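**Student:** Residue-level listing of the chains:
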Amino acid sequence: MALSTSEGTSTRGRLPTPPGTGGPAPRQQRRTRDSTAHRLFIAPSILSLVVLGLYPLIFIVLTALSESSLGRPFQEWVGTANFEAALGDEDVVASLVRNTIYALLVSAASVVLGVATAVALFRSARSGALIRTLLLLPMITPPVVVGILWKLIFNPSGGLFNTVLTFFGYSGDPVSVLASPTFALVGVAIADVWEWSPLIALLVFAALLGQDPEVTEAAALDGAGGFRLFTQITLPAVAGTIAAAFLIRIVLAFKVFDLVYIMTAGGPGQSTTVPAYLIYQAALQQFDLGRAGTITVLLAIVVTVVTLPIVALTRRLHND
Amino acid sequence: MTKRSSRLANLTVGAALVLTLVPLMYLLSVSFMKQGEISSGILWPSSPEWNNWVDAAASRLPRGILNSVIASLGGAVLTLVIALPAAWAMVRYRTGGKTLANTILSPWLLPPIVAVVPLFALLRVLELNNTLTGLTIVYALANTAVAVWLLEGFVKKLPVELDEAAQLDGAGAFRVLVSVVVPLLTPGLVAVGVIVAVLNYNEFVLATFLTQGPESQTVPVVLSLMLGERIQDFGKIAAASLIGVIPVFAAAVFLQRWLVAGLVSGSVK
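Top to bottom, those sequences are chains S and H.
For the working numbering, count along the first sequence from 1 and bump the result up by 81.
For the working numbering, count along the second sequence from 1 and bump the result up by 725.
Think of the hints as simulated: they come from the structure by calculation, not from any bench.
For clarity, every value in this text was computed on a predicted model and none was experimentally measured.
Among the clues, some could well be false.
[Said to hold, decoys possible] Derived list of chain H stretches under chain S, where covered just means 3 residues or more per stretch with a C-beta under 8 Å from a C-beta of chain S:
(1) 744-750
(2) 772-779
(3) 847-861
(4) 874-882
(5) 895-909
(6) 926-939
(7) 962-976
[To be verified] Partial pick of chain S residues on the chain H-facing surface, computed with a CB cut under 10 Å:
(8) Met220
(9) Pro224
(10) Val332
(11) Gln351
(12) Ala357
(13) Val384
Ideal Cβ placement from N, Cα and C applies to all residues, glycine included.
Generate the whole structure from the sequences, applying the supplied hints.
**Tutor:** This is the structure:
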């Protein structure tokens, strides 16, 4: 971030006239004018990167290294004391581990369901615009509404989930999914999978449509059919897209906040407290910006470590 | 493609439709239930309780919808104005180099909650905190990176010859952008604009912590406040949720083609 910023702004005044690129003078003049224009073109985007990326990043790192409250940030530099405190805090470590497992499982579920739906849509005669639009609805529903929706479904008194359980012969006490330390996170995960699997389905469906039909036809002529055609031709052709979709999905799962805020408020106990929720509690309930900043930095490290192998995989699959 | 696999495909599509639509139908059903019916475990009310819808319409919701529409459309237009020149220069002239191309999406990696305090501090300095203008500007900047990333896919598909021809005719970079690139890229601009507007409309964290008071609260904030009321009126909340999603669902139905084109452009460029 920092590198690109200085590159974009500080050299704007300098006219880049590479020596040796001769040619008629007026033309060269226009070229310089144009490349100045191109820098002006990226300047507003760089500015928004600075305001929404670099500035919060510096702010957060500085709070993580200092004693900071909401009212009085940056009171005193404390070095790594905040990090020692956070890493010694079971709640912080547990929330980072929890979100990592959550992100991997939710993303795997979304990819399986999304790919299955995409392949089915691709092979089904019933894949018109109406059906595709209906299947996309969850991902354009506001997450707050998704949270409300699943809170109602898991409502122990008369929610859809318990009604269905009773219908299938369950006769015990009503199950309160979101009040159970074991199952509350599963409840949030189900809402999350419902919301974002359509995105995977859409991206993979588009990739399937974009395949080279000649390759598939040739393979079919060579006698590959059904399952073999799918695993050896179709799947490898869209593997890069699936990997990219998995990457997007993992990042979305690490950012989960609205669903937790609406459905469980981090509870019961700490059972659905993800780092984003912990950051919210630290900054806006306990007014401890130092702690909030520290958890943010730790989360950034965890997200980077988890996603790097997938980024590498995506690049490799796309280059093949 | 045998007959059997296509029957399996139809079944899978059917199952996906059921899993997608049943929760939404349940929300619709609850929106017509009386308070007592909600807790009695029925699937459809005996007679529709229209009062839930009347109560929802009489709440802060209509103002919230207006605020949401203003912030999301205003933010989306500003985002396009900021992002298009950058996407074009980055694709055609490699302006900013690899560094910019690789770092542009990095702010998207962390949950927006981490930016709330710094942005609040910034808006207070600019005296824009608690205003719809402030929120609109934050949305415009917040989505620039995603918009650049998506627009790149559309710019790459434009034939280079067209802007080169315009340049040979003596048009400067700005002229080429406005009179050649923008008209050719209209479908891409609409597609990305729709996506960004939907993202803005659905955004909750920044809206709830950067705005206070009914004159700047958006739909997700109004809904979350209804959940926080002392007596939770689930029928009213369900009706309000459904009224609140009308704008985005309408956008999905009428602009489906563009929405899909935009979402796909980023991943398969």
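**Student:** Run every hint past the structure and note whether it holds.
**Tutor:** Evaluation of the provided hints:
For the segment 744-750 of chain H, the stated coverage by chain S holds: 6 residues have a C-beta nearer than 8 Å to a C-beta of that chain, and at least 3 were required. With a threshold of 8 Å between beta carbons, the proposed coverage of the segment 772-779 of chain H by chain S is violated, since 0 of its residues qualify and at least three are required. Remark: the segment 847-861 of chain H is not confirmed as covered by chain S, as 1 of its residues place a Cβ nearer than 8 Å to a Cβ of that chain, below the required three. Beta-carbon proximity to chain S at under 8 Å applies to 0 residues in the segment 874-882 of chain H; the threshold of 3 is not reached and the given coverage is violated.
Check on the segment 895-909 of chain H: 4 of its residues sit with their Cβ under 8 Å from a Cβ of chain S, so the three-residue criterion for coverage holds. Interface restraint, the segment 926-939 of chain H with chain S: holds (5 residues with C-beta to C-beta distance below 8 Å; minimum three). Counting residues of the segment 962-976 of chain H whose beta carbon lies closer than 8 Å to any beta carbon of chain S gives 8, which reaches the threshold of three, so the coverage claim holds. The interface hint given for Met220/S is met, as the beta carbon of that residue sits about 9 Å from the closest beta carbon of chain H, less than 10 Å.
Contact between Pro224/S and chain H, as hinted, is supported at the beta carbon level, the nearest pair being about 6 Å apart and thus within 10 Å. Checking Val332/S against chain H: minimum C-beta separation of about 6 Å stays under 10 Å; hint holds. Below 10 Å, beta-carbon pairs count as interface contacts, and Gln351/S has none with chain H, the closest being about 17 Å; its hint is therefore violated. With its C-beta approaching chain H no nearer than about 4 Å, Ala357/S sits inside the 10 Å limit, and its interface hint holds.
The closest approach between the C-beta of Val384/S and any C-beta of chain H is roughly 6 Å, which is under the 10 Å cut-off, so the hint is satisfied.
The earlier numbered hints that this structure contradicts are 2, 3, 4, 11.
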